[in-house]
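Q: Sequence:
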Amino acid sequence: MLLDKYMDLYEKQKALGEELKAINASISKHDLQALVRLMAATNEIDIDLSRKHAIERATLLKELHKKQSAKAEGMKEARKQLKAALQLKKDGLLKQRKDRLQAKSAVKQQLDQTMNSFSSDQLREAVARGLAPTALEKKRKRSEE
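Per my numbering, the sequence shown starts with residue 1, numbered consecutively.
Hint data in this document are derived by calculation from the structure and do not stem from the laboratory. Built from N, CA and C at the ideal position, the CB exists for glycine as well. What you were told as hints is all true, and nothing was included just to trick you.
Using C-beta positions, here's what the derived DEER-type ranges look like:
| # | residue 1 | residue 2 | range |
| --- | --- | --- | --- |
| 1 | Lys89 | Asp121 | 49 to 57 angstroms |
| 2 | Arg57 | Ala25 | 40 to 48 angstroms |
| 3 | Leu16 | Ala41 | 34 to 42 angstroms |
| 4 | Met1 | Ala25 | 33 to 41 angstroms |
Construct all of the structure, not just a fragment, from the sequences and the given hints.
A: Take a look at the structure:
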């Protein structure tokens, strides 16, 4: 009788142990499934955040590109204006150079005419006395006055 009670209790304890193992296995299975669902949800959130960040980044890049394009257009316009100003300055300098060359040519032509107005005898005489042709011209002007 005692042995029967002991065996009965042993069988009940064994059945309860197996039931406890089954419950623990079920809990582990549910925990594992919950963990998988949590990881899937976390991945979806990460993917959504990545998409949002990519969209925000693309938007920021577009805005930056627009700003840089506007700045580049402004720089192009400034470069055109600077080129025009430099061309005007260059034209002015070329005109000044041309005017100086014309003035120099006129002076040279006048000097040649003055030199040609003296006879070769007058020039030899002036050179012998150490006078340059311009000094001769000054001397002639003084004598005419």
